[in-house]
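Starting from two chains that each stand alone, build the complex the way the hints lay out.
Protein chains in written order, with numbering that gives the first Met the number 0: chain R, 0 to 392; chain H, 0 to 126.
Calculated directly from the structure, the hints in this document are not laboratory data.
We put the CB at the ideal spot given by N, CA and C, even for glycine.
If you want the ones that stay clear, here's a sample from chain R, every Cβ over 10 Å from chain H, calculated:
hint, residue
1, Ile-43
2, Ser-48
3, Asp-166
4, Gly-288
Some but not every residue of chain H turned toward chain R, in silico, with C-beta under 7 Å:
hint, residue
5, Pro-75
6, Val-89
7, Trp-92
8, Tyr-98
Chain R stretches covered by chain H per the calculated footprint, using a threshold of three residues with CB under 8 Å from any CB of chain H:
hint, region
9, 251-257
10, 322-331
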Amino acid sequence: MSTPRVLFVDDEQRILDGLRRSLRGKRGEWEMTFVTSGAEALAILAESSHNVVVSDMRMPGMDGAELLTLVSKRHPEVARVVLSGHTEPEAAIKVAVAGHRFLNKPSDPGSVVAVIEQLIGTTSDSHAAQVRRVAGAVRSLPTLPGHAERLSALLQAPDVEMATAIDAASHDVGLIAKLLQLSNSAFLGSRPRVLSVDGVVNALGLPTVQALVAAGHVLWSSVTWGPEDQRHLEIAWRHAVATGHVVGAMASPANRPYAQAAAMLQDVGRFACLARDTGGAAGEAEATGCDGVSYRDVGVELLHLWGLPAPIVTAVAERDRRCEPSPAGLGVTGAVRAAHLLVQGTGSRDPSAGTDPEELAALLAHPQLAGRDTDWPALAAAASDRAERCVRA
Amino acid sequence: MAQILVVDDDPAIRQLLTDVLEMDGHEVREAVDGVAAVRALEVLRPDCVILDVMMPGLDGYGVLRTIRAEEGDAIPVIMLTAAAEPDTAVRAWSDGVDYFLAKPFGADDVLDMVAGLVGDRSVVSGG
Numbered sequence: 000m001s002t003p004r005v006l007f008v009d010d011e012q013r014i015l016d017g018l019r020r021s022l023r024g025k026r027g028e029w030e031m032t033f034v035t036s037g038a039e040a041l042a043i044l045a046e047s048s049h050n051v052v053v054s055d056m057r058m059p060g061m062d063g064a065e066l067l068t069l070v071s072k073r074h075p076e077v078a079r080v081v082l083s084g085h086t087e088p089e090a091a092i093k094v095a096v097a098g099h100r101f102l103n104k105p106s107d108p109g110s111v112v113a114v115i116e117q118l119i120g121t122t123s124d125s126h127a128a129q130v131r132r133v134a135g136a137v138r139s140l141p142t143l144p145g146h147a148e149r150l151s152a153l154l155q156a157p158d159v160e161m162a163t164a165i166d167a168a169s170h171d172v173g174l175i176a177k178l179l180q181l182s183n184s185a186f187l188g189s190r191p192r193v194l195s196v197d198g199v200v201n202a203l204g205l206p207t208v209q210a211l212v213a214a215g216h217v218l219w220s221s222v223t224w225g226p227e228d229q230r231h232l233e234i235a236w237r238h239a240v241a242t243g244h245v246v247g248a249m250a251s252p253a254n255r256p257y258a259q260a261a262a263m264l265q266d267v268g269r270f271a272c273l274a275r276d277t278g279g280a281a282g283e284a285e286a287t288g289c290d291g292v293s294y295r296d297v298g299v300e301l302l303h304l305w306g307l308p309a310p311i312v313t314a315v316a317e318r319d320r321r322c323e324p325s326p327a328g329l330g331v332t333g334a335v336r337a338a339h340l341l342v343q344g345t346g347s348r349d350p351s352a353g354t355d356p357e358e359l360a361a362l363l364a365h366p367q368l369a370g371r372d373t374d375w376p377a378l379a380a381a382a383s384d385r386a387e388r389c390v391r392a
Numbered sequence: 000m001a002q003i004l005v006v007d008d009d010p011a012i013r014q015l016l017t018d019v020l021e022m023d024g025h026e027v028r029e030a031v032d033g034v035a036a037v038r039a040l041e042v043l044r045p046d047c048v049i050l051d052v053m054m055p056g057l058d059g060y061g062v063l064r065t066i067r068a069e070e071g072d073a074i075p076v077i078m079l080t081a082a083a084e085p086d087t088a089v090r091a092w093s094d095g096v097d098y099f100l101a102k103p104f105g106a107d108d109v110l111d112m113v114a115g116l117v118g119d120r121s122v123v124s125g126g
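This is chain H alone, in the form it adopts within the complex (with noise of 0.2 Å):
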């Protein structure tokens, strides 16, 4: 249905969101730090990005902000946090992210968000 690329270190919150967006019917594509992510994207069009905050090297704000730069605001992203970090995630919004998803989360609650972001497209699309 859609192409969700999913970016985050930690192989076992990777493996999560590709099973649950997987079952819903997305192709998922990994990335398993910002570096990687940045490099994906340049051959990958993905309908929405699932970007840990937390990451060695390039962190996820990091890839946010080269995401807006380089392909403007057609991507959504939305963020993993851990825990509540007001202050960068005040920067986030300014960025341009399109949602906080807060760990731990429910499948309903990341399928919910990216159906709302990449639209309920199977009707005309012909599924």
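Bound-form chain R, shown alone (with noise of 0.2 Å):
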């Protein structure tokens, strides 16, 4: 495997000069460039492969939003990190639409090298490289027609409550993804630990979360979706939430933050490959997979580059694998895979996925669920309709 590229850019030459020799160890291992502009950056992007640019946000002219945005479109394979100093909401939404990472300004040496080496990742192999491409050219994920506007109207309405919000949020497929992306970077300081959706919107405070809210929308106010497309994302966001009910009730209380964050994200690749920019002639979608490689690898990909804890990236890879649950206990893959089994029994159904009832009945016997006094199919069967009721609200 060649040496790894990785790319800095600022337009304080002091913050460059910190870098280089913060990094000085790592001069073995990569090839690294500094500049100050983002001209400069996209001049030497498109002479030479990158594995990850590092960019400041705020810059004269071309500013860090702007190049991240270029670097999207025309090098998607490239891992894009934000180095920033500002953690106001502004800084909020352009991080979540443009970049995969975030860096507070200043950073140890150790968060600057940890964050790299996990999106440096293996792009010798042919077919994690053009994952790695479908995945990378993802800015933001789609939302369901005129739900933006609602939850939108929702959230700017002046006595919004907190437990309203976190209501409407723990709906949107999107709007989790950014929450969770950027709970699980430095965003919110320096060990940020929140998992939950309800976690997330209070440490983020409501006025982070209106404001990505309103970025979304103005995002997908323009996207026209084929009725195939937006038939697609229905049944897929209806199987979503109907599961993340379902797995709410089947996770163990440590366990339960990631089962239903995995539940709410099971489809991310589909979704993002939905939302990609085909220049106004949208595709018809296929039934599992995009340019070459599964949704679910290009799933796994983007929850990847987002930094999302493993145990959540673990159980979206393996929903479609039989498990074998463990007598310890169904962990985070065995809950989600079992709460997907029972929605495949619903009108919530992904129908690309198939059903098994035998491992079903399995799961089900496991201590761990069997000793509830729950009737579990009837409980999917409430999630499905309460989830039916949140797609054509």
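In structure tokens, the structure reads:
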């Protein structure tokens, strides 16, 4: 594998010198380039392939958001890291749209190295490289027609209550993805550990969430889906929401936030592919993948790029894999698989995935679920109805 | 990395768990029985509790119920069992245990479980 290339962009030479000094130890492993403007960065990227670009946000001329948006279009295989000193709502929106990860300025060298190493990946494999290209082109997820407007109106109301905002946010796949991406970056401070949607909304504060929704509204209001795409979007959305409800009742306390996040994001790859900028001519969706890679692979790569915790990524990666749960507990993966299979027996089923009554029976017989006084199919049917109302609302 | 409270009346098991967890960079606190655990939880806020089931006085199930009553769902709990006890295990699931770890266990079993529960936060927390 060739030497990974990392490009750093900041208009302040002082910051670049600091980075160069603190990353001296990596000189033998990475090829590092330091430039002071977005224009120079684009010129370098056009000349040679890079793995990661780390950019300041506030720069004269082309700012970081503009640069990273252009990088996502011209070089989707390059992972995008935002280096910023500001954490106001405006910065949240910019990073959420343009970047994959967020580093505070100043960051200790350990954090910078760890984030870059995670993102360098193994792009020597041609399949993995194609997955990275498709996933890397994604800047934001689509939302259901009418959904963004409603959410936006709800959150902009002057007397909106936290509980209302959290309930609305917890049914929006695209917003959840953005909230988790932000909460798992350094955005919330040096030790982020916020996983549940209400935790993230509380930590970010309503103004940031409102600004995110408003940005999403602007982003998606101009996109018109073909009827087939919209149908796929609604089916996947409804399946995610129903699975999220069921898994909330199945997962153990500490695994619950992970499991609910994984349920909501289980089809993130499909959403991302439907959302791709196809130059206005929206092509009809394929059943299980796009551009030669599966939706699942794209989704897993996206969650990795966003830095979500390993249990969430694993549960999404293994949703369609037969699960033999350990007697020690279902864990996140087992709970998501069990909830998914249960929902497959309801009106919220995902037609592109199968059913497995035998496996489902075995999962429901696990001590974690069997001893509970719950009628699981009835719970799944109720969750499916709620999910339908949420999509049709 | 994470602070873990190990609760077992058997000093050999406590020592084993402490060695394994500390080798992986965790900070370990020990409690010698259920009552000591509840007292420790009045001042500590561990990232995870590893709890033996069979202890004199207040057993593991009692400690689990106390944790869920006092601290809610925020603290992950792993319970150690010697033999399969289906009835009581089922009760623990509805009381909010996260995993059961059967004795004897390997170092990797413990570390994998803990890693999944306390999260791989080293990356963004700066190690």
